[in-house]
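K.L.:
Read off the chains here:
Protein chains: 2
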Amino acid sequence: MLSKFKRYLIGKPLTSEQLKHEKFNVLTGLSLLSSDAISSVAYASEEILWILVPLIGVLSYTYMFYLSIAIIILLFILVFSYRQTIDSYPNGGGSYIVAKDNLGTVAGLVAGASLTIDYILTVAVSASAGTSAITSAIPSLLPFKVIITLIFIWIMAVGNLRGLSESAKLFTAPTYLFIATMFIMIGYGIIKIKFLGYVPIKATLSYATTDISILMILRAFAGGCTALTGVEAISNGVPNFKEPHQENAKRVLFFLGLIIVIVFGGMSYLATLYQAVPNLDKTIISQIASQVFGNNFMFYLVQITTTLILILAANTSFSDLPLLLSVIARDGFAPRQFTARGDRLSYSNGIIVLCFISSILVVIFKGEAHYLLPLYAVGVFTSFTLSQTGMFVKWVKNKPSGWIHKAFFNGLGAIVTFVTALIIGYTKFIHGAWIVCILIPCFVYIMLKIKSHYIDTANQLSMEGQALKLPDSEKVKHFIIPIGGVNKSVLKTLNYAKCLSKDIVAFHISVNDEETEIIQKKWKQYKIDIPLIIRKSPYREVIGPLMEYIHSDEYPSKQDDIVTIVIPQFVVSAWWGNILHNHTALFLKSNLLKNKNIAVITVPYVIQHHHININDSFSKK
Amino acid sequence: MLSKFKRYLIGKPLTSEQLKHEKFNVLTGLSLLSSDAISSVAYASEEILWILVPLIGVLSYTYMFYLSIAIIILLFILVFSYRQTIDSYPNGGGSYIVAKDNLGTVAGLVAGASLTIDYILTVAVSASAGTSAITSAIPSLLPFKVIITLIFIWIMAVGNLRGLSESAKLFTAPTYLFIATMFIMIGYGIIKIKFLGYVPIKATLSYATTDISILMILRAFAGGCTALTGVEAISNGVPNFKEPHQENAKRVLFFLGLIIVIVFGGMSYLATLYQAVPNLDKTIISQIASQVFGNNFMFYLVQITTTLILILAANTSFSDLPLLLSVIARDGFAPRQFTARGDRLSYSNGIIVLCFISSILVVIFKGEAHYLLPLYAVGVFTSFTLSQTGMFVKWVKNKPSGWIHKAFFNGLGAIVTFVTALIIGYTKFIHGAWIVCILIPCFVYIMLKIKSHYIDTANQLSMEGQALKLPDSEKVKHFIIPIGGVNKSVLKTLNYAKCLSKDIVAFHISVNDEETEIIQKKWKQYKIDIPLIIRKSPYREVIGPLMEYIHSDEYPSKQDDIVTIVIPQFVVSAWWGNILHNHTALFLKSNLLKNKNIAVITVPYVIQHHHININDSFSKK
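Chain order of the listed sequences is A and B. According to this note's numbering, the first sequence is numbered sequentially starting from 538. According to this note's numbering, the second sequence is numbered sequentially starting from 538.
Since the hints were made in silico from the structure, they are not lab data. Note that the structure is a prediction, hence the values are computed from the model and not measured. Just so you know, not all the hints are guaranteed correct.
[As the list claims (entries may be wrong)] The calculated label-pair distances, taken between Cβ atoms and stated as ranges, are:
#1 B:Leu679 x A:Leu976: 22 to 32 Å
#2 A:Tyr1076 x B:Phe791: 37 to 47 Å
#3 B:Arg1072 x A:Glu780: 29 to 39 Å
#4 A:Leu976 x B:Lys1064: 49 to 59 Å
Glycine is no exception: its CB is placed at the ideal position from the N, C-alpha and C atoms.
Turn these sequences into a full structure, and let the hints steer you where they fit.
P.N.:
As structure tokens, this is what we get:
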């Protein structure tokens, strides 16, 4: 039943050969990989205003203008330097790979850890912001913010478990609809004021209540930098593009830059014209949209497309983080399970972990993007810096033709992103960035530990110089059958064991004297010719007395002999069957296997699930 | 590491013989079993006012007086009829047993289901109300209501896992302190107004805004009846008392009735004198206490003792529900795991399930007792009714001396509680009682299903007329070893299998051609003389191809032969080891065992966890 449900949710399994069909062209790639960056406009301008408006009132809008220009310049530098990364890393040039290749393992892991944290935050932030777009339009949904956000995340997780290409198709339209809607809103919003003479309903704002300090400007800048998160997604995803990978990726990167400039710049300008004031219940975009369009169809379209693009942005993480984790895991720095492809060829374990952690974050931060944003962006800019520095080192080392020009761009990128990372870390530190600053080194440490564990395991399992030596067959034939009663399942096990060995004892742990007597009686009644050992267990424990018996002089095995425990286990065919029975067998097995000289045989006895008349329950009270 | 933590939390295991020491005398019994009933005063008067005040304002207090008297009369009837239950059921006369004995299985299960639901609700309601007592005194803790409530529940769960007697000792003082504090507050509260001439600061209340309807009175009565929940706890717990069980239980029941009359009656009277108005942030008790005592030590003492008694009330469920479940499970109507005693002789599975479900309820209902209360009490009164009716039928059937007198009391109890159950169900139906009305029949259905499953299983396992017949040893010796590589663990497994059988093949699922070639090469290199079968698996699946092979003509086993799958499994000694490896072996096992003709041998290879220098991670990149 569970597996049918899974099949319905995830779809039919795909063969490994079907992998190559799951690639994107420029159109689908732009919608799937750029949505993170494009959608940031839904909260970036707002973040700037959250910091400025309470302090300097009306003056905020002047500063926002300059800050927006600074952020757009930063974007241009990033786009140019990432074009070079795409050229050099046709198999995907995520910061992890670039940093590891050029700066060494630890730098790579720092980049990997930063990106991992930021991908998780992207899901939580974008899904929360997407919900805000809805609740701004329909305030009666405000109490259900957290639930709605969680549902979005789970839908995405399921979509991604179904496979990349399908979800890309599903999501292409909304991206372009969002872009188009934003273009219309910005264009008409400017025309309405400049040419049609509309006078916006402005909130009454005081003038500066404090002096403008550098720190404040920096905090606002750091807030606005969230607009740039997601730019690296394209260089990570190069191999996901159709041939020619690199050309397609660069085209997408170019369009992405262009769109951000227009939409982010335009939105900041509109916020100034309409003097929107941030609050938790109604987003800036929805405030502007309701003034530009009134409360009509277009207003709702803006809210709907904003929600959809933000969900797509979260989706970026769902397609990229599992890929990143699989790369890290293939290098041995993360649990190996992340390398396994699921039924539909997606990296299902990564998707599930991402879904789980981001859901927890949403619950903790009450689905409020504004509370999550201080944690955001530190990681992104740390990985930007490492990636750019890595590229810079690469050019300086290899010196290909035109390397000075290339090194200049990446060097500039490295310096600019480093400074930005410092600004973000410094200004947001007490508001939450400290958590990330602690987590990154922890992650790096754990990743190093995992690697050394894998190396150690491989060494211990390696057959280097090992010959195939046969143990004495007498040393293997000690069989012990733990029993809790005498029934058909036990009988089958006894018979099975007798075919393989002559050195068999049955072993019973006595917790209840009556039960033990019944077993002894049946043993005689059925004339079972296997010795029955009985041990009392005052603490109702099983493993202890059994191990004691094996190691006692009474038992004939020697130091290095392998003792085989044969466990009768009855298996209920219905899926709920296991809930209703004690799992002594299962528990026994997992504990016994910790001993290197014990092998465990499980002999199943399958209980058929009949559709029983419920009156049976009365027949034997 | 985990088991050390468990040991620290739960304490050293106790032997089964230590069971008899864990009993209570009158003092500890009163504190442990009556707290549910006594503590209800913390919300019962308040529930009456919640319904009346918004509708009829000042007039509410008049009606509350009459309602309180009605509820106290109901209490007396209950106390008298439960005395008779204690006399007749020295081994614990929970409604489940009484109803099942006298009215039949289904009636018993309905009582059992009702009680189960109400015990779970008791934990959620009492812990939430306990937190409210704290947040009323310290409003700055209001945002943390849910977390505080959860912590209370978890502490109780741990306390109960440690064992009954210890927790009884821990909790005796607070009960008596609460009772004493209430007596003082009621006494001084009355004196302050009647003799010292204090004029209370009354909230301005309008007169009736609507006419008083019968329905409204009934709703208020239903709300007040929550004061009576928990009265049945004592008759359930008879065997937990020291000898003489029954006398001690009856004494406790008598004192309980007396205390409720004084405290509930007194509190209702005080609420009238001080005209307290219910609101979600400040409980009625705390409003009254702050007027009676001012904001001094006594005020805080009232809040603290209220919290403690409410926690104790939740604790009643922790000691009673696992007991009830163990009784139901022993009859085969609930999963057998509920009958197992943990290390400390408590029914640990019941405790854990209760803790889990009540925590979820607290989260869903935001730790607000007022939202949970409509679900409450329907179950209690359903089980009251069944238990009383059961006793009535018992007297009428058996006709012992004085049966008319006894039947009268239980008959009266049955009628009164039945009417009350109807009132509660009717007036609270749309507010939440419908949930309970759906859940009870669902539970009963599931319990009947469980019973028939157990009967069916027992029939299939029973040896009735079964002789010990040995299968042909050749039919058992087909061994297959699934391998994913060639290493020491696989080698050990091959050697082990060779000692037991000559009919062995190794079986490899090829997902990756390179890997398969390496295995074939090593197979030759080490001159392994076991045939290696290779199968491609396009869907990266393992079980399917293996089963196909076993059933193909290529494989020598016949229809009824047992095929033994020998699985090499490496086991990492460190607790976190399992997180880092694929669980193919485990997964294989659980799926293979569903086939009745397949036995599974697990041959462990233990990997030692070395404390590795982290630099190892760099050595082999």
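K.L.:
Each hint needs a verdict: does it hold in this structure or not?
P.N.:
These are the hints, each one checked on the structure:
Roughly 30 Å separates the CB atoms of B:Leu679 and A:Leu976, a value that falls within the hinted 22 to 32 Å. The hinted window of 37 to 47 Å between A:Tyr1076 and B:Phe791 holds, with their beta carbons roughly 39 Å apart. Remark: the range hint 29 to 39 Å for B:Arg1072 to A:Glu780 is upheld by a beta-carbon distance near 33 Å. For A:Leu976 and B:Lys1064, the Cβ-Cβ distance of about 51 Å falls inside the hinted range of 49 to 59 Å, so the restraint holds.
Against the hints set out earlier in the document, no violation occurs for any number.
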